[in-house]
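Peer 1: What follows is each chain in one-letter form.
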Amino acid sequence: MNIEETPLPGIGVRRELRLASGRRVGVVTHRDGLTELILSRVDDPDACAASIPLSAEEASALGTLLGSAQLIAQLSAEQENVSGVTTHQILIRKGSLYAGRPLGDTQMRTRTGTSIVALLRDDDVIGSPRPDEVLHVGDLVVIVGTDEGLAEAAAILQSR
Amino acid sequence: MDSTTLSLIQLGIVFFGLGFLGRLAGRIGMSPVPLYLLGGLAFGEGGFVNLAGIDGFAHIASEIGVILLLLMLGLEYTAKELVTGLRQSWMAGLLDIVLNMLPGVVVALILGWGPVGALVMAGITYISSSGIIAKVLGDLGRLGNRETPVILSILVIEDLAMAAYLPILTAVLAGVSLAGGLTAVGISLAVITAVLVVALRFGHIVSKALDSPDRESFLLKVLGAALLVAGMASALQVSAAVGAFLLGIAISGGTAESATRVLEPLRDLFAAMFFVLFGLNTDPRTIPPVLGFALVLAIVSAGTKVLTGWWAAKQQGIAVLGRARAGAALIARGEFSIVIAGLAVASGAVPAELAALATTYVLIMAVFGPIATRYVEPVVRFFQGKKPQGKEPELSF
Numbered sequence: 008m009n010i011e012e013t014p015l016p017g018i019g020v021r022r023e024l025r026l027a028s029g030r031r032v033g034v035v036t037h038r039d040g041l042t043e044l045i046l047s048r049v050d051d052p053d054a055c056a057a058s059i060p061l062s063a064e065e066a067s068a069l070g071t072l073l074g075s076a077q078l079i080a081q082l083s084a085e086q087e088n089v090s091g092v093t094t095h096q097i098l099i100r101k102g103s104l105y106a107g108r109p110l111g112d113t114q115m116r117t118r119t120g121t122s123i124v125a126l127l128r129d130d131d132v133i134g135s136p137r138p139d140e141v142l143h144v145g146d147l148v149v150i151v152g153t154d155e156g157l158a159e160a161a162a163i164l165q166s167r
Numbered sequence: 024m025d026s027t028t029l030s031l032i033q034l035g036i037v038f039f040g041l042g043f044l045g046r047l048a049g050r051i052g053m054s055p056v057p058l059y060l061l062g063g064l065a066f067g068e069g070g071f072v073n074l075a076g077i078d079g080f081a082h083i084a085s086e087i088g089v090i091l092l093l094l095m096l097g098l099e100y101t102a103k104e105l106v107t108g109l110r111q112s113w114m115a116g117l118l119d120i121v122l123n124m125l126p127g128v129v130v131a132l133i134l135g136w137g138p139v140g141a142l143v144m145a146g147i148t149y150i151s152s153s154g155i156i157a158k159v160l161g162d163l164g165r166l167g168n169r170e171t172p173v174i175l176s177i178l179v180i181e182d183l184a185m186a187a188y189l190p191i192l193t194a195v196l197a198g199v200s201l202a203g204g205l206t207a208v209g210i211s212l213a214v215i216t217a218v219l220v221v222a223l224r225f226g227h228i229v230s231k232a233l234d235s236p237d238r239e240s241f242l243l244k245v246l247g248a249a250l251l252v253a254g255m256a257s258a259l260q261v262s263a264a265v266g267a268f269l270l271g272i273a274i275s276g277g278t279a280e281s282a283t284r285v286l287e288p289l290r291d292l293f294a295a296m297f298f299v300l301f302g303l304n305t306d307p308r309t310i311p312p313v314l315g316f317a318l319v320l321a322i323v324s325a326g327t328k329v330l331t332g333w334w335a336a337k338q339q340g341i342a343v344l345g346r347a348r349a350g351a352a353l354i355a356r357g358e359f360s361i362v363i364a365g366l367a368v369a370s371g372a373v374p375a376e377l378a379a380l381a382t383t384y385v386l387i388m389a390v391f392g393p394i395a396t397r398y399v400e401p402v403v404r405f406f407q408g409k410k411p412q413g414k415e416p417e418l419s420f
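Chains as they are written, first to last, in the numbering used here: chain E, 8 to 167; chain Y, 24 to 420.
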């Protein structure tokens with residue numbers, strides 16, 4: 008994939024890629040760290056239909072979502088036959104009790120009966136993470152389990 | 024009432040009033056500069072109220088305002104961006120200089136202000152307001168547009184051109200001979216080159232010398248360095264503003280960003296004082312005679328900026344709408360036109376009407392520029408004979 012990088016003097020950098028449909032989609036990174044999601048217009052490809060400011064947390068979550076779309080689809084396909092079991096993704100937010108601590112500390116299986124099947128971090132997928140894997144802020148934790156188990160799991164991972 | 028008390032009260036009134044004007048400008052989404060100028064016109068000579076108690080403070084504050092405006096202009100772009108910009112868009116930059124200095128020169132000659140007045144007016148009509156333009160582009164969500172880098176690189180070159188122009192202007196205003204003027208140009212070009220090289224190679228050393236983890240000492244160091252360099256430049260007849268500007272270019276990276284952050288409120292304060300003082304010293308009664316010229320100048324120099332942006336965008340393979348957007352975005356003139364006029368008026372080498380013309384011109388351009396930028400698309404579409412397209416295409420994927 009070809010990512011085009013354009014410096015914006017005095018403002019920051021624009022990185023974008025051209026989609027198969029011909030549209031440009033990309034990110035403007037301001038010098039002060041603010042990011043903006045941009046998408047070119049159909050009728051006027053030089054201009055933008057949208058430019059959406061994102062906080063660092065939002066940008067990272069969106070990136071993870073996009074990177075993980077395929078894995079989630081695969082997981083959901085696999086459990087279609089198993090009734091009563093669903094997949095859930097939980098974001099590790101800033102200030103979460105478990106941010107910066109190893110996965111094993113959550114004792115997820117013992118406490119809720121659910122299984123953590125993957126961690127999505129930036130663009131990487133960490134499949135079947137080991138208990139010593141350290142959770143980071145912005146990680147998306149993919150969990151499989153019953154509805155009650157998943158609710159408990161969410162409460163644990165989001166506790167402060 | 025002793026004089027200090029009177030000064031405090033008058034200053035308080037001025038800042039309080041400016042605060043309201045700034046808020047009003049923010050509400051309607053325009054630059055506060057024209058409102059500050061109007062505020063200055065309303066008071067002072069020939070205006071409603073006379074503020075004599077703050078002359079001393081206003082004078083030094085507006086000097087500092089100019090220094091901070093230029094320092095922050097230098098901070099805005101890194102040395103690398105300046106060099107890359109110059110390499111990539113020098114042709115557009117050259118066209119910009121020729122097309123947009125010309126209207127100022129012609130009007131000055133028609134009004135009989137001679138070569139000095141022509142040089143001053145050339146600068147006033149040439150320099151776009153990077154502050155207004157960057158803000159408008161951000162507000163309109165055009166940072167992702169293809170023509171935006173074209174606009175920004177023209178602004179970068181204008182920046183560099185200022186570094187060459189201001190020393191020439193200072194020398195000419197001081198009444199030096201042709202040889203003296205050429206020497207000033209030579210010195211300033213050598214200094215600019217040296218600063219660019221230093222900034223590219225050793226920018227981190229300059230930055231490190233100024234940097235400090237403590238906000239307070241950092242602020243004092245940066246401000247101190249700026250005033251010191253500006254003062255020394257002024258002593259060498261190179262213009263205080265250029266000294267500050269070059270210091271701004273030499274400061275780079277993270278230090279430049281933190282410097283921008285800590286200096287911004289100070290710049291806002293002192294620059295506001297500068298604009299007000301400029302308005303104060305301009306007699307509103309001198310405006311009506313030059314109003315016609317200001318209007319013609321505004322129309323012509325808006326057209327020349329549009330041509331510049333249009334041509335530059337076309338070179339980059341951008342379609343008609345984008346070319347029009349690039350052209351319209353460049354129209355806004357603002358703070359730096361007033362800085363140039365301020366230097367000229369302070370030197371006494373130009374007639375007082377120049378201040379009136381510059382004020383009126385900037386009032387028009389600072390207001391019209393952002394409006395043109397916003398509404399250029401429907402206008403172009405209308406002339407293309409296409410129906411203006413509403414929300415629908417923005418949502419179709």
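Since the hints were derived computationally from the structure, they do not count as laboratory data.
The C-beta atom is built at its ideal place from N, Cα and C for all residues, glycine as well.
Be aware that one or more of the hints could be misleading.
[Unchecked claim] Computed from the model, here is a short list of chain Y residues facing chain E with C-beta under 10 Å:
id : residue
1  : R46
2  : Y100
3  : A157
4  : G167
5  : R169
6  : E170
7  : D182
8  : A184
9  : L223
10 : R284
11 : Q338
12 : E400
Peer 1: Does the interface hint hold: is G167(Y) within less than 10 Å of chain E, judged Cβ to Cβ?
Peer 2: holds (3 Å)
Peer 1: Classify the hint on A184(Y) as holds or violated, based on whether any CB of chain E lies nearer than 10 Å to its CB.
Peer 2: Violated. Min distance 15 Å.
Peer 1: Holds or violated: the hint that E170(Y) contacts chain E, with Cβ atoms closer than 10 Å.
Peer 2: holds (6 Å)
Peer 1: Does D182(Y) pass the interface hint, meaning its C-beta sits closer than 10 Å to a C-beta of chain E?
Peer 2: Holds. Min distance 9 Å.
Peer 1: Would the stated hint for A157(Y) survive a check requiring a Cβ distance to chain E of less than 10 Å?
Peer 2: Nearest chain E Cβ about 6 Å off; hint holds.
Peer 1: Does Q338(Y) pass the interface check with chain E, least Cβ-Cβ distance below 10 Å?
Peer 2: violated (14 Å)
Peer 1: Holds or violated: is there a CB of chain E closer than 10 Å to the CB of E400(Y)?
Peer 2: holds (8 Å)
Peer 1: Does Y100(Y) meet its interface restraint, that is, does its C-beta lie within less than 10 Å of any C-beta in chain E?
Peer 2: holds (5 Å)
Peer 1: With a cut-off of 10 Å, does the beta carbon of R46(Y) approach a beta carbon of chain E closely enough for the hint to hold?
Peer 2: Violated. Min distance 23 Å.
Peer 1: Go through the hint on R169(Y) and say holds or violated, using the shortest Cβ distance to chain E against 10 Å.
Peer 2: holds (4 Å)
Peer 1: Quick check on the hint: R284(Y) CB to chain E CB, less than 10 Å?
Peer 2: holds (8 Å)
Peer 1: Would you settle whether the hint for L223(Y) is holds or violated, based on the nearest Cβ-Cβ distance to chain E being less than 10 Å?
Peer 2: violated (15 Å)
Comparing the model with each earlier hint shows violations of hints 1, 8, 9 and 11; every other hint is respected.
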